[in-house]
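Participant: Given next are the chains, with one letter for each unit.
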Amino acid sequence: MVDLVFEIGGPQGGGIESAGQMALRVFMLKGYRVYGTREYHSNIIGKHSYFNIRVREDRALAPNLPADIVVSLDAESVFTHFNDVGEFMVYDTGVLSKDIDSIQSMSKYLKARVKEELDANGVPHTVDGVIKLLDKRGKKTVGVPLRSLLKTTAERAGVSLVSISRAINTIGMAVGLSLIGVELEHLEKAIELFFAGKQKIVKPNVIAAQVAYEYAKENFSSIHRKKMPDGPHVNPVKPRLVVSGNDIVAMGKIAGGLRVQTYYPITPAADESLYLEKFEDFPLTPEAAEKLGLERGGIVVVQTEDEISALNMAIGASLAGARAATSTSGPGVSLMAEALGYAGIIEAPVVITLYMRGGPSTGMPTRNSQSDLLTALFQGHGDLPRIVIASGDHEEAFYDAIKALNWAEKYQTPVIHLLEKAIANAMKDLFNPDLSSVVIDRGKIERNPPIPFPRFKYTEDGISPRAFLGDTVVWYTSNEHDQYGRRNEDPVERIKMQDKRLKKFETAAKEIPLEDKVTLYGDPDAKITLVGWGSVKGAALDAIEILKEEGINVNYLHLRMFMPFPSEYVRSVLEKATTVIGVEGNALAQAAQVVRMFTGFEIPHLIIKYTGRPIFVQELVDSVKHVLNTGDKKVVLSLGQ
Amino acid sequence: MASEKVRYMADTWKDWCPGCGNYGIITAVEMALKELGIPPHKAVDVGGIGCSGKLPEFLAINGVHTLHGRPIPVATGIKLARPELTVLISAGDGDTLGIGAAHFVAAGRRNVDITLLLHDNGVYGLTKGQASPTLGLFIKTKALSKPNINSPVNPILLALASGYTFIARGYAYHVKQLKEIIKAAIQHKGTALVDILQPCPTYNNVYTKEWYEQRIYYLDEEENWNPVVEKPEELEKKMEQTIAKALEWEERIPLGILFQDKTKPEYFERLKIRIPFIEDIPPYKQPIDVNGKPIVDVAQIFVDKLVI
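So the protein lines, in turn, are chains A and B.
Going by this note's numbering, the residue at position 463 of the first sequence is 463; the numbering climbs one at a time, nothing skipped.
Start counting at 1 in the second sequence, then tack on 641, and there's your number in this note's numbering.
Hints in this document: simulated from the structure, not taken from any laboratory.
Glycine included, C-beta positions come from ideal geometry on N, C-alpha and C.
Treat the hints with care, since some could be wrong.
[What the hints assert, rightly or not] Simulated pairs of lysine-lysine, DSSO-like, Cα-Cα distance not exceeding 30 Å: (1) B:Lys934 <-> A:Lys517; (2) B:Lys934 <-> A:Lys291; (3) B:Lys905 <-> A:Lys278; (4) A:Lys278 <-> B:Lys879; (5) B:Lys830 <-> B:Lys879; (6) A:Lys500 <-> A:Lys444.
[As the list claims (entries may be wrong)] Here are some chain A residues the structure puts well away from chain B; computed CB gaps all over 12 Å: (7) Pro11; (8) Gly86; (9) Arg156; (10) Glu185; (11) Ile223; (12) Ala289; (13) Gln303; (14) Leu319; (15) Ala322; (16) Gly359; (17) Asp434; (18) Ser436; (19) Ser437; (20) Asp471; (21) Arg486; (22) Arg494.
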């Protein structure tokens, strides 16, 4: 079975993004599932960035190392990723003599570690030294004269060298693809797809790919892999897309009927809003258009002055009857704390999509983390329940984005939809989502409301019918209030109103099906249980398969809804296991604390990672075995640059 | 015109201090809405926190009392979703020029069709009289133990710099004149500021009724006063005369419409460039399902992500 990792690195702004995007499309055209993890700095140009692309037949949901092939477009990539190499290292012969100390963009701490390793192996601190070390280790090192191939490309395309300098990424990537036996025609098609409509860019890049393939054929035929077999999805029945986590949430929101989105620019959330903006005027399906007599829909996307405004504005839009949401990251959601409570007390439906990144404070803006779970659950003062859902992959994120909009309106509450950088920036292939099972549920809406309107009427389930501003006279206040929304501090009424608000969440806990809250993957009778959430899912699903092959039966409890929390079910699963290991991407083991709070079960072993990098499959496998062998209570992971 | 029986004032007891400027302001609002014939369910008053923020509670139109400093974004959200509504904001000088100053500036940049009634009394009344952003330097009101060591912000100048397309000033005790100014502000298509000078008889013993009434005068009583920008080329000159009037304070204080720019497009005009039908079919009016089913197909919209 094909399980391949293709890694490509180079300077930010140097076309790494495009190279990765093209490579993803190549493997999709070849019939595979793909997962592309992106690592980059908070920097516009010059710092190191890279793509780790996982290619599999059935499921690609997590990055892995070692990589079958590492394509290094510059010297820094060679120094940074030589330990990632499984089989091939493609490098630029033009940088062979480059000394590690001459690379300004590289972290001094990484330099020191690399130098120590090179010294220990008796090779110089140059690219050449690294290549010698890799040769010694039996890796296939593939030197490519990138500049000279670029020159050939420019001559053949009849354009200036400067105008196509970025095609150097295509050349490096193409050499890499040819080495692992991928046909040129797929790359040509991928270039056309990625640069659709930009013929001026397509042509030289196609020529660059051809030049690279010719060069590889002439020079590396002895180490070349044989033709890569086609994957199972060469001719998919349904359209296939390649999307980032940001993209897929935007798609979910449009499918879910979002009509007002507010945001303030922040990494790694902003791309979602920009993508919504790109498609703010969108077509309805022909069937819907015919039924509604309306061809198009439109989303108002507002870039606000700050995140405080973003959430307050979304609340305003929601009171007037539009499905509304905002999208942000840790620093932004911290600013939203007061408005979150406001939405809570006035029972305004609103969705906050929260992309976690390394914190606290500015932290590590472009790096992954799962450290905002406690913030999502507890931020804001007062007795303030809310719905908190965390997605584990792109597909979950799509349906969760729709469900979050439903829950917000149905239970008239803020919903926090948790995602993380590892999902937001990861590129995933996807079959066109099936919407036949999707329901749009706007909850209790009074279409012919009396004047004035008892907006906060006491009801059995705690949910009062809603009326929109403009359909009648409605009163809202951030103060405690009576059934008409008028300020009221009467002690007896206060109990009733507070209880009414809490009651809604009991109703939600009852009505929301268990499968939306938690999933147990693998053998339900396994005696070893991993507990995780968010992007841990991808690595955990692979890990339980690998462990099973090695004779270790492990299942994975994937937590999705943290409020209302499926306490009974989670407790029953955990109590059944003899060994429970919590796996998550933060230093406090936040989900483990939440599990203890809601179930009383203390998870005895923890595997955690807070380097800002995602959990790689193999390091999870190794650490689970380590815990089983040693009984260690805590393992801290650190793989990946 | 709305019928005589239509009520704009709620029967809630108004818990403001005797003599509070808010009684004048709320009456002016009531009269303005009545005379413009805006039905109560088509009008919204969005309040901040403090004595000013209680206005929505005492009116019988839609009322949205918000957080301290945040009525502008909430009002903006309401208007964007349902532009047919007349959206007013009742907020204090602390709300708009202190804690919510970022929103005050941003509102001017967007030019959404909302009307900001700025209750300008120089003090934080409900927390017992601390200095607000409009209290003058070295002024010591009776509630302050020491003189104020912060300079005041000039709301007129700040609004002008921020791009407000309608800037006026009223006086809380001149209900009839204030009503006319509020009517003009509501009828203006774009963000309108009415800076309402308002004595706080309880805490501001410096900017009193007497102090104001010795200084205030109405611009429309002046010869040749014309604050309206009809063509872009008039902008600079009109802004200059507004700045000159905005700087008058110690001796004379001008009231009335200080500036109105009819050349700048309102926010929906700008949105229409991006979504042509958005004003006719604004967010609240758009269907999002047919019998509970989504009305879009992902692969039909996001064609840039297709790999086929």
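Participant: Give a verdict on every hint.
Facilitator: Status of the hints after comparison with the structure:
1. Between the alpha carbons of B:Lys934 and A:Lys517 the distance comes to roughly 22 Å, so the proposed pair stays at or under 30 Å and holds.
2. About 12 Å separates the Cα atoms of B:Lys934 and A:Lys291, which keeps this hinted pair within 30 Å; it holds.
3. A threshold of 30 Å between alpha carbons decides the hint, and for B:Lys905 with A:Lys278 the separation of about 25 Å falls inside it, so the pair holds.
4. Annotation: proposed proximity of A:Lys278 to B:Lys879 is violated, straight-line Cα distance about 38 Å (limit 30 Å).
5. Pair hint B:Lys830 plus B:Lys879 holds up; C-alpha atoms about 18 Å apart against a cutoff of 30 Å.
6. With a C-alpha separation of about 15 Å, the suggested pair A:Lys500 and A:Lys444 falls inside the 30 Å cut-off, and the hint holds.
7. With a least CB separation of 26 Å from chain B, A:Pro11 remains clear of the 12 Å interface cut-off, as annotated.
8. No Cβ of chain B approaches the Cβ of A:Gly86 within 12 Å, the least distance being about 26 Å, so the stated non-interface status holds.
9. With a minimum CB-CB distance of about 27 Å to chain B, A:Arg156 clears the 12 Å threshold, and the non-interface call stands.
10. For A:Glu185, the requirement that its beta carbon stay farther than 12 Å from each beta carbon of chain B is met, with the minimum near 14 Å.
11. In this structure A:Ile223 is separated from chain B by more than 12 Å, as the shortest Cβ-Cβ distance comes to about 30 Å.
12. With a cut of 12 Å on Cβ distances, A:Ala289 falls inside the contact zone with chain B, its closest approach being about 8 Å.
13. Remark: the non-interface label on A:Gln303 conflicts with the geometry, its nearest Cβ contact in chain B lying 10 Å away (cut-off 12 Å).
14. Its beta-carbon lying about 6 Å from the closest one in chain B, A:Leu319 breaks the requirement of being farther than 12 Å from that chain.
15. Not every CB of chain B lies more than 12 Å from the CB of A:Ala322, the least distance being 4 Å, so the non-interface label is violated.
16. A cut-off of 12 Å between C-beta atoms confirms that A:Gly359 is not in contact with chain B; the least separation is 23 Å.
17. Residue placement check: A:Asp434 does not keep its beta carbon more than 12 Å from all beta carbons of chain B (closest about 10 Å).
18. Listed as outside the interface, A:Ser436 is inconsistent with that label: its C-beta sits roughly 8 Å from the nearest C-beta of chain B, within the 12 Å cut-off.
19. Annotated as non-interface, A:Ser437 brings its C-beta within 12 Å of a C-beta of chain B; the closest such distance is 10 Å.
20. A beta-carbon of chain B is positioned within 12 Å of the beta-carbon of A:Asp471; the least distance is around 7 Å.
21. With a least CB separation of 6 Å from chain B, A:Arg486 falls inside the 12 Å interface cut-off, contrary to its annotation.
22. At roughly 17 Å, the least C-beta separation between A:Arg494 and chain B is larger than 12 Å, which holds for a residue marked as non-interface.
The structure shown violates the earlier hints numbered 4, 12, 13, 14, 15, 17, 18, 19, 20, 21.
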